[in-house]
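There are 2 protein chains.
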Amino acid sequence: MTSLVISATDGTARMGELRLRRGTVRLPAFMPVGTAATVKGMLPEQVRESGADILLGNTYHLMLRPGAERIQRLGGLHKFMDWPLPVLTDSGGFQVMSLSSLRKITEEGVEFRSHIDGAAEFLSPERAMEIQRQLGSDIQMVLDECPALPASHERIEQSLALSMRWAARSRAAFGEQDGHACFGIVQGGIFADLRRNSAQALREIGFDGYAIGGLAVGEGQAAMLETLEATIPHLPADRPRYLMGVGKPDDIVGAVERGVDMFDCVLPTRSGRNGQAFTWHGPLNLKNARHAEDARPLDPDCRCRACRGFSRAYLHHVVKANEIIAAMLLTAHNLTFYQDLMAGLRQAIADGALGAFAAQFRADYGAAEDGG
Amino acid sequence: MTSLVISATDGTARMGELRLRRGTVRLPAFMPVGTAATVKGMLPEQVRESGADILLGNTYHLMLRPGAERIQRLGGLHKFMDWPLPVLTDSGGFQVMSLSSLRKITEEGVEFRSHIDGAAEFLSPERAMEIQRQLGSDIQMVLDECPALPASHERIEQSLALSMRWAARSRAAFGEQDGHACFGIVQGGIFADLRRNSAQALREIGFDGYAIGGLAVGEGQAAMLETLEATIPHLPADRPRYLMGVGKPDDIVGAVERGVDMFDCVLPTRSGRNGQAFTWHGPLNLKNARHAEDARPLDPDCRCRACRGFSRAYLHHVVKANEIIAAMLLTAHNLTFYQDLMAGLRQAIADGALGAFAAQFRADYGAAEDGG
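First to last, the protein sequences are chains A and B.
Here my numbering runs 849 ahead of the position in the first sequence, where the first position is 1.
Here my numbering runs 849 ahead of the position in the second sequence, where the first position is 1.
Please keep in mind that the hints were generated in silico from the structure rather than gathered at the bench.
Hints are not guaranteed to be accurate.
The list treats identical chains as one, so a pair stands whether inside a single copy or across any two.
Said to hold, decoys possible - In silico BS3-like links for lysine-lysine, alpha-carbon gap of 25 Å or less:
no.	residue 1	residue 2
1	Lys928	Lys1097
2	Lys1169	Lys889
3	Lys1097	Lys953
4	Lys1169	Lys953
5	Lys953	Lys889
6	Lys928	Lys953
7	Lys1136	Lys1169
8	Lys1136	Lys953
9	Lys928	Lys1136
10	Lys928	Lys1169
Note that this is a predicted model, so its numbers are computed, not measured.
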């Protein structure tokens, strides 16, 4: 069970809080990805200082290494990774489809081989929920099938039917867990009728929150936003809405305008490890030689560690030299940027000024110095 | 010019302070190595929190990338890497011998090719001092030749003669720099007569401090300590003594007992990146499967971040998964261990109890759980 408090709306956008046993999540929220029990390159307190109220953990990675039973014996994921605030875990389904080999999907579940050591593994709706309970996850996601796009209406409809049967089994396996939440996942590709059917099917099962899955997989921003518009009206207003795996800063702004409350994405962390910094004037590629003697910080107004004390020239140097501190500083910066974007969106909704905020953001961000 | 204050002695061991323009260095001191303008895996404030008063920077690495002139234009090394406290730089000679290719040593200096891009480079005593001045180094080291051991008395004597001529040229090139210091380097392999001659030659030139180079290169701890005993009596008591590139914790204890004031070594940082943790009961290899379910911290009495909040099981997991946080946490732990060892040595000297401290250290440390 969770408690959703909507404090302000602006059009279809919402601002408020999701109250969980381990802490309150300010909405709209961005969840950094802590794949293998760590947000890569960051200490837990640094993630918190960036402004994060909640992390995402990956069931697939954790079940393979170090193993959910082991984490349970060690006191759960929060204690294991020294993160006392809420954690949302995915079901593992998406990574099974994208990372593992030799998959075989049946009504019962999915057989696959670990990408780490090739070991035979099995994931079912019941097993996915058991693992998330062992981890001690605050928000547990149902197992679903994630078909690759583009796909035909028929293929998506078949996949969706299986995902809805798995959603019912996942919900039953979750049962009642005081202070923990179970979210369903709307599927249906870019087909409005299937998205509506999926939302309806999940509402009949009844969930603490509703995720929108299967987007940001190559369909493009316009199709993604259209799909949100076709989906969100069919979701209950008194439950949080989570757009999985999204996204670029402008994706997030568009999705918040359409009523999404929660996001996760590897982009700020992965980009940070690849020498890319997000700024209000677009992304910068620190590998670029034009930064080599630039004494300015990434952003003079940013509160992150990279912007307090280090020049673009220094960041260029440590990126080129493959130094660990490059990943540390750019990840800290990017997570801070994402959290400050969310804070800006929350304030704009509270002020009834989201349209102006979004227009200003798009005007500034489109002026990317490095051309994106 | 520097100011050395010896507050206590115990046998030939000394405890005190080296006062520099940018800060005071507590002696005996361990200097973490910040090769390429970063102590790998650490933010500058984390290095400071470990207890470090001074860092070492590598002239060879910095001259090749990003270049000493560039660092000078950007305000010097301290500003560049956001480390306001003292920095000692080596002369580049050792790395030229160990990392570069196509070396040609003449009376004038050494021609070599960069290990990064193969570019032709040249280092002379005058150029080495110019680079260190451009970096803004607080303690600048003379250029010397570092012959590989084992080597004959004749070979070492020839090399030493060149190094002493280079020392005089380096000292002349350094000139007078208010608040900055220039250290000479005693060479001579493991030959007591050559070490004595080298110390005498350097004293005649006159330096702010005296380093002992060319040790810890395979001669073994016993030969290293014997060489210290043959060298240190010939160094002036009113100048700091720095044993370059040393070493293992028990090497440091033995060298402090023999009167060494300063140390640098990549061991705590490099070992941290390789999954090894130093403890008072010997080193631990976190890759070892026996740590996989061990809920204990590395050391319950340690004040570092790795020991406050993380289990050996977690450290094992992140080491096995090659996560950046493994390098961050184990480096922080190892640097804290080294600094706490130095603090323990300082206190023992102040208490006139160094013999008991060293005996206890050797008894505990020899009981390495992982067999070293």
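(request) Of all the hints given earlier, name the ones this structure violates by number, lowest first. (result) 1, 3, 4, 5, 6, 8
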